Amino acid sequence: AQTVTQSQPEMSVQEAETVTLSCTYDTSESDYYLFWYKQPPSRQMILVIRQEAYKQQNATENRFSVNFQKAAKSFSLKISDSQLGDAAMYFCAYRMTEYGNKLVFGAGTILRVKS
Amino acid sequence: ETGVTQSPTHLIKTRGQQVTLRCSSQSGHNTVSWYQQALGQGPQFIFQYYREEENGRGNFPPRFSGLQFPNYSSELNVNALELDDSALYLCASSLPRREDGYTFGSGTRLTVV
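Going line by line, the protein sequences match chains A and B.
My numbering puts the first residue of the first sequence at 148, with every later residue one more than the last.
My numbering puts the first residue of the second sequence at 13, with every later residue one more than the last.
Calculated from the structure, these hints are not laboratory results.
Any given hint could turn out to be false.
[What the hints assert, rightly or not] Here are the computed lysine to any residue pairs in the SDA-like style, where the Cα-Cα straight-line distance is at most 20 Å: (1) A:Lys202 / B:Asp112; (2) A:Lys225 / A:Pro156; (3) A:Lys202 / B:Arg109; (4) A:Lys261 / A:Glu164; (5) B:Lys25 / B:Arg109; (6) A:Lys202 / A:Lys220.
[What the hints assert, rightly or not] Just a sample of chain B residues kept apart from chain A, beta carbon distances all over 10 Å, derived: (7) Ile24; (8) Gln29; (9) Gln53; (10) Pro73.
[Stated by the list, open to error] Counterexamples of contact, computed for chain B against chain A with all Cβ distances above 12 Å: (11) Gln30; (12) Arg34; (13) Asn83; (14) Ala92; (15) Leu93; (16) Glu94; (17) Thr120; (18) Val124.
Quantities reported herein were computed from a predicted structural model and do not represent experimental measurements.
All residues carry an ideal CB built from backbone N, CA and C; glycine is no exception.
Kindly generate the complete structure, drawing on both the sequences and the hints.
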């Protein structure tokens, strides 16, 4: 069964600094998608960035980038120039090809941003 | 382009009762999924509907059931509520392509007492 592991329950970063959130996953599939979602106190899950397993190039969205290591099954999120609005729960997720392409989520990492 | 809307936002029910949660999917999205998120945990997949048919189900008992309507809106029904059903219930819509991330609603917070 596919699993997603986020080993950091909580992280802190100083405003304007860089922070990296870790995620590992387990799958036997060769083609899949990985996502990072942000969940602020408003509860709505917001898509931050996505990565296709077949693409060698790491995805980037403005201040957010990933380090995708397919062989190691690792998918970390780097947030540069951290802002107060980045404070939230961050979830790593894997989209399966079976069971209707459901998302499998990790347990989440709380990110606190200090001013 | 409208997003995903869920109703109600909060709900308190008594153990043994039944509850219906509602979701309007984002315009153009024909796939709707429901997730249960217990406090401090990641969302867990309940089931998914594509063109009014259930096409995937997670490890939830049959008292969790759903519907999808022709306009792609959806309902989640839970019978015989238990205390452990207290959670945030998230609805998400998408196109049925793996490259699409889901668009999530803000959820319904269900408390069972």
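Each hint, compared with the structure:
no., hint, in the structure
1, A:Lys202 / B:Asp112, "holds, 15 Å"
2, A:Lys225 / A:Pro156, "holds, 16 Å"
3, A:Lys202 / B:Arg109, "holds, 17 Å"
4, A:Lys261 / A:Glu164, "holds, 10 Å"
5, B:Lys25 / B:Arg109, "violated, 36 Å"
6, A:Lys202 / A:Lys220, "holds, 14 Å"
7, Ile24, "holds, 17 Å"
8, Gln29, "holds, 23 Å"
9, Gln53, "violated, 6 Å"
10, Pro73, "holds, 17 Å"
11, Gln30, "holds, 24 Å"
12, Arg34, "holds, 16 Å"
13, Asn83, "holds, 20 Å"
14, Ala92, "holds, 25 Å"
15, Leu93, "holds, 21 Å"
16, Glu94, "holds, 22 Å"
17, Thr120, "violated, 10 Å"
18, Val124, "holds, 18 Å"
Checked against the numbered hints listed earlier, the structure breaks hints 5, 9, 17; every other hint is satisfied.
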